[in-house]
Amino acid sequence: MKRPHIGSILLGVIPFVAICFTVSLWDRIYPIVFGLPFNFFWLIAWLLLTPLCMLGAYRLEECVSNPHREEGGER
Amino acid sequence: MSSSLVALSIISFIVAAGSLAGFFARFRHKMDLEQWTVAGRGFGMVLVWLLMAGEIYTTFTFLGASGWAYSRGGPVLYILGYQPLMYIVSFFILPLVWEAGQKRKLQTQADFFQARYQNTYLSALVASVGVISMLPYVQLQLTGLGIIVEVASYGAIHRTPAMIIAFAIVAGFVFVSGVRGVAWASVMKDLLLLFAALFIGIAIPYIYFGGIGRMFAAVVQAKPQHLLMPGATKNLGHGWYVTSVLLTSLGFFMWPQNFAAAYTARSGNILRRNAVLMPLYSITMPLMIFVGLTALLVVPGLSNGDLSLLTLVRKTFPAWFLGIIGGAGALTAMVPAAIQILTGATLFAKNLWRPLVAPGMSDRQVATLAKIMVLVLTIGALCLAIGSTISLVNLLLLGYAGVAQLFPGVVLGLFSKRVTAAGVFSGIACGFTIAAVLTFKHLDPWRGMNAGFIGLCINFAVTGLVSLVTVSRAAGFDEDLSAPAEGPKCAANLTCTAVHF
Numbered sequence: 001m002k003r004p005h006i007g008s009i010l011l012g013v014i015p016f017v018a019i020c021f022t023v024s025l026w027d028r029i030y031p032i033v034f035g036l037p038f039n040f041f042w043l044i045a046w047l048l049l050t051p052l053c054m055l056g057a058y059r060l061e062e063c064v065s066n067p068h069r070e071e072g073g074e075r
Numbered sequence: 001m002s003s004s005l006v007a008l009s010i011i012s013f014i015v016a017a018g019s020l021a022g023f024f025a026r027f028r029h030k031m032d033l034e035q036w037t038v039a040g041r042g043f044g045m046v047l048v049w050l051l052m053a054g055e056i057y058t059t060f061t062f063l064g065a066s067g068w069a070y071s072r073g074g075p076v077l078y079i080l081g082y083q084p085l086m087y088i089v090s091f092f093i094l095p096l097v098w099e100a101g102q103k104r105k106l107q108t109q110a111d112f113f114q115a116r117y118q119n120t121y122l123s124a125l126v127a128s129v130g131v132i133s134m135l136p137y138v139q140l141q142l143t144g145l146g147i148i149v150e151v152a153s154y155g156a157i158h159r160t161p162a163m164i165i166a167f168a169i170v171a172g173f174v175f176v177s178g179v180r181g182v183a184w185a186s187v188m189k190d191l192l193l194l195f196a197a198l199f200i201g202i203a204i205p206y207i208y209f210g211g212i213g214r215m216f217a218a219v220v221q222a223k224p225q226h227l228l229m230p231g232a233t234k235n236l237g238h239g240w241y242v243t244s245v246l247l248t249s250l251g252f253f254m255w256p257q258n259f260a261a262a263y264t265a266r267s268g269n270i271l272r273r274n275a276v277l278m279p280l281y282s283i284t285m286p287l288m289i290f291v292g293l294t295a296l297l298v299v300p301g302l303s304n305g306d307l308s309l310l311t312l313v314r315k316t317f318p319a320w321f322l323g324i325i326g327g328a329g330a331l332t333a334m335v336p337a338a339i340q341i342l343t344g345a346t347l348f349a350k351n352l353w354r355p356l357v358a359p360g361m362s363d364r365q366v367a368t369l370a371k372i373m374v375l376v377l378t379i380g381a382l383c384l385a386i387g388s389t390i391s392l393v394n395l396l397l398l399g400y401a402g403v404a405q406l407f408p409g410v411v412l413g414l415f416s417k418r419v420t421a422a423g424v425f426s427g428i429a430c431g432f433t434i435a436a437v438l439t440f441k442h443l444d445p446w447r448g449m450n451a452g453f454i455g456l457c458i459n460f461a462v463t464g465l466v467s468l469v470t471v472s473r474a475a476g477f478d479e480d481l482s483a484p485a486e487g488p489k490c491a492a493n494l495t496c497t498a499v500h501f
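Keeping their order, the protein sequence lines are chains A and B.
Reminder that position 30 of the first sequence reads as 30 in the numbering used here, one-by-one numbering, no gaps.
Reminder that position 45 of the second sequence reads as 45 in the numbering used here, one-by-one numbering, no gaps.
If we strip away everything but chain B, and leave its shape as in the complex, we get (with noise of 0.2 Å):
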């Protein structure tokens, strides 16, 4: 049998399986919006767990984080940062989200807006800017994807036709069983990607070194500067390093798929166990940082750097193995992206659709739009992946830098009064605005600084300034809440009607 045919039979295999879960777990529920959608709230801390972890073990975590190693050095640093500290962002604020979720019956990142500020406009922005960062996140997932069958076949497969497998799998499994088929699937994923970075990690740079130490003194004679910041680059030094640890730890959470798991959970104690315990699973990213290095001097010269850790893998080990990281690495691709489709969907139909467009639609109606949006959005992502070449670590910088602008609105909303609908809206709209010009004129980093960055500080400017002016409607969280919520205002929050499909 020839090596690809081995390889690509395991990775198929795999993905399989992971499918077949998620399928599966649709038959034991009934299946409503909110069930769709949040899973009715029941789910325990192991799930909420699987879930929030799952979903940061991404395509990024296995391919970008050792791309970025191999070609640019010192700042891949900046992923080490942030993984502990968006933990204690999450300890903080989701807790108060989930109390949130509990009393109003909210089930997306929008509907907290709407409850909070009382304005459709803004939790119509706010799903847009939701929608519009998922697309480089997804398109990352399918880049990855592409790339792993393609040298998993040894070449013969090309990127775009796997692509367009794989994501119609996802498509399908997200339309059929929501967020409880895709914990179960991350399961798998988990335990399957967990397994191929501890063994790789510590295996090929003992392999080729005789271990993590000699691997890094190799690395430190052959090219001194290259574990230090800037690296390889010649604009990535400390500015901008402090600036992307704080974009990213303060957006994490503000990605509607992560924002609204907290929804999932059955108290906010869990969350704030699941803050204190989180970034211990982070320790395998080191690894995959390690096995990056190693290619730098095993594998030098590719002129993609995300193709290191599995180039590597390949040279290095037999077929049948190449399969099973391959697998683990596909399933790492669809999973969150599956979660990122969902949570855009749904977004899209319920707090932009329904309440600027069509107000009289019933819950039925808007899981049905949610359906196929999933794969518009799908399609969207696919068209941009296959038409683009960015590279892994820099297509999800652009996302962050979009959902980042909804920080403000958040912790403010959380945290104080005198915060404005309007102070929220104008502050998002700058932030976001400014952050997109940088980036697409290339002037990211911007005087060393990330530009989603400069984009956030504004934001947060604007925000307090238009709120000191202007008046809020809507007196905070703390407001009685003995009275129905479901006012005539509310256009955009969910009552309990199940809808069934």
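Okay, chain A solo, but in the shape it has when bound (with noise of 0.2 Å):
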């Protein structure tokens, strides 16, 4: 099975560290953000900045697969 870019790989260990290992340093109140606790804040943010790393590793992937015709699949 074909195995994925690194760059995609690393793209997608991104919002791992940020939401999950990191959580000692971003569990707090203060600063509040847009009337949001931090951690709330935090979290609610990498919902939207997730896709964002996730659409560069789509595009790498794309990138990767094309010059090969592999998927058949569609545009």
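Simulated from the structure, these hints should not be mistaken for laboratory data.
Incorrect hints may appear among the rest.
Stretches of chain B that chain A covers, calculated by requiring three or more beta carbons in the stretch to come under 8 Å of a beta carbon on chain A [as the list claims (entries may be wrong)]:
{"hint": "1", "region": "80 to 94"}
{"hint": "2", "region": "241 to 253"}
{"hint": "3", "region": "265 to 275"}
Here a beta-carbon is modelled for each residue, glycine too, at the ideal position from N, C-alpha and C.
Can you join these two chains into the complex? Each is in its own frame, and there are hints to help.
Have a look at this one:
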């Protein structure tokens, strides 16, 4: 099976680090951003930032597979 | 007209509409086992998105998240944490699962294991894990449904009769139309739930506090520790958060129905695109949490946190609105439960019963047994729901502890040739046993870590070690596929015989 590009994997790891592994850094109430305690703000922001990271991974995967035209899929 | 009658009538109407959408889907397509389980692999992007999005929005989203915000506080954030991360996992894994499904005509999750490892006992174990883990999940939906009807009827109808009626409907429409019927009912459910979540999530904090920011300010002032971890609990701290987020993000697509939904796509690329966009759909989850927090201050003292959202809605809005919200909630319980039951029944008949007990069964007989199992499993979950009082979130975490044990077998199976059937079997058995023992001895979390996750780590270790010392019969998915896949070894794979019923 085709392995994903290392760049896509790195882009996929970024949200894991931000959302999961660094919890002790951001689990706090202050500073309050847009009325939300910081921990809530942080996680909600990552609901929006994760698709951006994965869009990058998507483009990367498409670049990698296009020369071979393997997928036969649709655009 | 009394309030409860108004509310209940509207709920009944919505439930009936959703069920009819399901029944009528049947008549467009001739039903065979392939149609019934994966709808002929023709679903385009919108439908796949709806099917997958539809399932994750469950009673858990609706009542459980607000319930935990009310009763636990900060730990509820694990829900916001795992939502985006699980899609990252799907981005990398599901397109490959789809590809394998295409080439080998796979229909269930256990079929995947059979195709990869060529071992009937392993695929039967996988099917068992899937079916067993499904029970707390369906129990969750039933419990939620009971809560909805009880609150909407202002206490007039008790949970038990409510659960029984709704599940009769669910079992009925699963029976008749399978996956396609459920997808259409899911559309109705999603539209309603989205409307409900947006409206309530914004309106309720505004009505009581003048806005979400002010609601938070009030909570911070009244209960400063509530919004952090471990919040109102003693043992759900950062270690629990990290391990639970990992457990659920790795485990989400290991639920048999979520796994098998990958087979219904038209291409692997659609699955990647969905993975990129889906976290955006999770935006309704914070809203449910905001409502739970508002409820903390407005209706304090509820013994069961899972009642908080509905109780607050009932207090704030007229009965007809409660009816709409209750109807959304009812569909939100019925549709995912239907999908779960469908998947569990098929798994049982095709990957447990036929290979182990009656290898000579025809596809037609498998389909019939699956239909019988729909009833058996529904009744089983109903009995569990009536008999116990665990919180909705804890029920879900229990289910996850089970299905997440399938993750090593899937991911190592896709990317490594060295992993063996014996390795995966041992890994699953050990991981599942440890998770079960810790949970039922009330040792979850253990040393601050989620029990299911501990099981998963041990699972990986055992799988790796045992694989190193055993020999693999199958050479991974890259073996020559020009040879027919339906050889005598692959007892659980279906050939293309269509069965009509």
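Okay, the hints, checked on the actual structure:
1. 80 to 94: Coverage by chain A holds here, the residue count being 9 at a Cβ distance below 8 Å.
2. 241 to 253: Holds, because 5 residues of the region 241 to 253 of chain B bring their Cβ atoms closer than 8 Å to Cβ atoms of chain A.
3. 265 to 275: Satisfied; 8 residues make the cut.
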